[in-house]
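J.: Each protein sequence line maps, in turn, to chains X and R. Going by the working numbering, the residue at position 80 of the first sequence is 81; the numbering climbs one at a time, nothing skipped. Going by the working numbering, the residue at position 387 of the second sequence is 885; the numbering climbs one at a time, nothing skipped.
Derived from the structure by calculation, the hints contain no laboratory data. Treat the hints with care, as some may be off.
Claimed, not checked - Below, simulated SDA-like cross-link-like pairs (lysine to any residue); rule was C-alpha separation at most 25 angstroms, straight line:
1) K804/R with D95/X
2) K1067/R with D1054/R
3) K804/R with E136/X
4) K260/X with R837/R
5) K816/R with K260/X
6) K816/R with R59/X
Unchecked claim - Looking from chain R toward chain X, a few residues come up when the C-beta cut is under 10 angstroms (computed):
7) K516
8) C546
9) K616
10) T637
11) G645
12) K656
13) N747
14) V748
15) E776
16) L780
17) K804
18) N811
19) E820
20) R897
On a predicted model such as this, the values are computed, not experimentally measured, just so you know. All C-beta atoms, glycine included, are put in the ideal place defined by N, C-alpha and C.
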Amino acid sequence: MSMQELFLKLYDFWSKQGCYIAPTYDLEVGAGTMTPDTFFRVLGKKPWKVAYVQPSRRPTDGRYGENPHRVQKHFQFQVIIKPSSANIQRIYLDSLTSLGINLSEHDLRFDEDDWESPTIGAWGVGWQVLLDGLEITQFTYFQQAGGLELYPVSVEITYGLERLEMFLQQKDNIYDLKWSDDVSYRDLRFQEEKEFSVYNFEQADCQMLQSWFSSAEKEAQRLINQNLLLPAYDLCLKCSHLFNLLDSRGGISVTERVKMIGQIRTLVNQIAKKFVEREGES
Amino acid sequence: MEFLLEIMTEELPSSHVKSALSQLEEKFSQELTAARIGIKNLKTLGTCRRLVVLADLEAGQPDEEEIVAGPPKHISFLADGNFSSAALGFARSQGIAVEKLEVIRIQKGEYLGFKRLKKGRAIEEIIGEKLPAIISSLTFPKNMRWGERSFCFSRPLKNLLCLFNGQVVPTEFEGLSSGNRTSGHFIHSPVELKVNNFAEYYQRLKENFVLIDPQERKQSILRQFQEKLAGLNAQVYPDEGLLEKLLWNVEHPLVIMGSFPEKYLNLPLEVLATAMREGQKLFSVVKGKRQLPYFLGIADAPADPKNFLASGNERVLKARLEDARFFWENDLKVQLSARVSYLKNVVFQEKLGSYGDKVERLQKLVAYLADRLDLKSDRKDLSEAARLCKADLLTGMVREFPELQGKMGGLYARKQRYSETISRAIYEHYLPLSLEDSVPESAGGAVLSFADKLDTIVGIFGVGFTISGSSDPFALRRNTHAICKIILEKKFHLSLSRTLDKTIGLLADRLTVPVDQLKKRCLEFFEGRLRFIFEKKGYRYDLINAALAPGIDYLDYAEARIKALNELKQSKNFEQFILMAKRVKNILKEVPKIKLDSALFKEKEENELYSALRIIQNNTEDLLARGDFAGAQKIVFRLQMPLNNFFDRVLVMAEDKKIRNNRLALLTQVQRLIQKIADYSQIVVESETK
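The shape of chain X in the complex, shown without the other chains (with noise of 0.2 angstroms):
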């Protein structure tokens, strides 16, 4: 099964579970988790139910293209179920078979996994799930997020779609996969891996990029001030990019990533809070 169709199956898998098929959000973003279909919309009472794809970039994971398992930028299938349902591992379980998988001739583990991201003050509890050994997916319970306790508690599935996919083609190498028939994820990627590596390790200038953070950081506060809200988390998005790529040229300090961190994550529970406020309101 190629990349698309792994998508395209997924998409309808889980449009028929009665999930919004969002578009991917045209950020930079370290996880699916972080867009506003996911941040947003786990907070507050309303039921909410979302499925879609998401490019999600971590610059230290950069290997110039050498490594068969390890890019800067991977694909992940992002599913948001509000409230969590009782029956969400089964579903789960049935997805992978929609896929082909006879779950019957391999070893599938719910392994203990806790997730948290301080940046977004967001924390949840649940597992890696493990297919005969390999991580595919990370199934999590959001407990908080925005510093906001949630109530009602939604899920979070998230494939790794390359995992999987490395998974279904019984390919050993990132970039013999295909994503369709005739064009490989070695023909999409295997150069973007490249400069990206160079560009995240050694070109990216930290003077600028910190000082980008901090005027990101600056608006950010002022919007939230304004109470435009969906424009200051656009920009704290913004923030953590910037934070990403300081991190992986080396660039900050123990104390200077706390500190970082903490500033994004001040800016983001004010959103949360405010939003939160808002939603009541309306």
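Given the coordinates of chain X, work out where chain R should sit on it, guided by the hints.
T.: Structure of chain R alone, referenced to chain X:
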């Protein structure tokens, strides 16, 4: 009669399963005992999806006599002795003939009332009522909520099976109703199973790929290990911790075996083991001490006929090893010494500065220690090891596998051709990691570990941190233990007090706690930990008090003291001697300093004691200087006879003040000598306790 409870959940972490089962056992035993229900053979079983309680319970609560109290006695009778209207009204309301009422004394006083037999309640009823409270009372290190519930548990609850004597015990909990149904393996046999008793429960689960008894799963794993390795003539590298964890993670253990390309055997064993264990929870396969390119894993499945499980794990492990190789090769491109300057960016503790600052202090501290421990020839190497020892915090490998810190530094140092002393010292400088763990083998590793830990302890106390029962974020207890263990096992003879002075001096400009106070706190802390170590070794607390009283400046001597006391406590002189030492101590309470003048001796026994004392002082001097407290003690025992005679024949509290003071001065010298060995007055002897 048989009681069976199964709480089904989504996958619990294995440590939570074990803790929940022991809590369940305790709570059930408490609650049922409190409800006066006889309970036998209470036991718990389980997997990551099931918490099971099994017990043999009495059929019901025994009947109990109950007192029904009415009006107080003083308003129950009229002046003529007949029942008052209050008494008549009470009898009517209870539907009992008034003549049957009697005066009963209860706690509040005397009342009119009657006794009746209260029927014991049915077990089903009691359990149905208690179960929700028992389940709610379970605690976990981390809890979660799910759906629209506010209830907290380790993971979501799925089903309740609760049977007593074959019948469902009806109860409701968090949206679940109890029943007699469970289900088979979540993936491999997700069918509903109806059961009437434990035998059936056990059997039906087994048929559906769930072994509910953890011991049975363990036996199965060990048997499969042997089967897999039979042809190779190899062994599993023992890892009890991992086995124990995985045991609870699976419902139906299946051991799988796979291999990896031999080229990865070039990676250090430490890296291989970590990639297998931490990364993927796999067991290493060894032949003697040699690592083989195989691994064993524990899957949760009935079988692997198509070899998907083994080959899947192989592919993932290969990817991890490939990444490890990337780190290994990439990290080696940079000399450790070139990384040192970047340590200034890595914070050790906000007020204590960076790791760069720390290693500068360590260089000086290890040089100081080398001079005092007769390691002068290693002085230069140790200082270099101190400079380099934290550089591996900046390597990719340690960032990926933090538990390899130190070890990686040592391995990189060796590869980059630093001396063996340097590499070993770096490699071992985090040891011992626990009270049970071994201390560094090399003297250099021991010195560096010592210095690193002492710098942390003094620094953290010195900027005002205190530790309490649960809060010890810098692991000061473990670090102090480690130092004690190193000193005792490596036989480091050095003054703790002066080493603390040196360490405090090196940290001086960063400290916020006054130096005297800090040193006192450190010494008290060391004494506390040393006491704990001695207690763990099984020494009597009074012997420990006696041994620690002369001070803990030289920890090796404190240990020699306790050993001597422990060795001699059986000897026939011991008890007499202790009593004598106590007598000396008592008589000397609040005695001023007086100079001894042998010309003032009047009695033969005074002279005899004095000359015995001088001989014994001479004979023990060397022994004490060497720390041979057992030897010294044996000689000091010889004081007993002259001291005895002295007390028998000589009146210490003589009328003549000069003579009295002189006798007290003589005893003061005796006291001073014996206290060099121990404070014997702390020791409890049998004749006292009787």
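J.: All the hints need checking, so say for each whether the structure fits it.
T.: Status of the hints after comparison with the structure:
no.: 1; hint: K804/R with D95/X; result: holds (22 angstroms)
no.: 2; hint: K1067/R with D1054/R; result: holds (20 angstroms)
no.: 3; hint: K804/R with E136/X; result: holds (20 angstroms)
no.: 4; hint: K260/X with R837/R; result: holds (24 angstroms)
no.: 5; hint: K816/R with K260/X; result: violated (37 angstroms)
no.: 6; hint: K816/R with R59/X; result: holds (22 angstroms)
no.: 7; hint: K516; result: violated (13 angstroms)
no.: 8; hint: C546; result: holds (8 angstroms)
no.: 9; hint: K616; result: violated (42 angstroms)
no.: 10; hint: T637; result: violated (15 angstroms)
no.: 11; hint: G645; result: holds (5 angstroms)
no.: 12; hint: K656; result: holds (8 angstroms)
no.: 13; hint: N747; result: holds (7 angstroms)
no.: 14; hint: V748; result: holds (8 angstroms)
no.: 15; hint: E776; result: violated (13 angstroms)
no.: 16; hint: L780; result: holds (8 angstroms)
no.: 17; hint: K804; result: holds (6 angstroms)
no.: 18; hint: N811; result: holds (4 angstroms)
no.: 19; hint: E820; result: holds (7 angstroms)
no.: 20; hint: R897; result: holds (9 angstroms)
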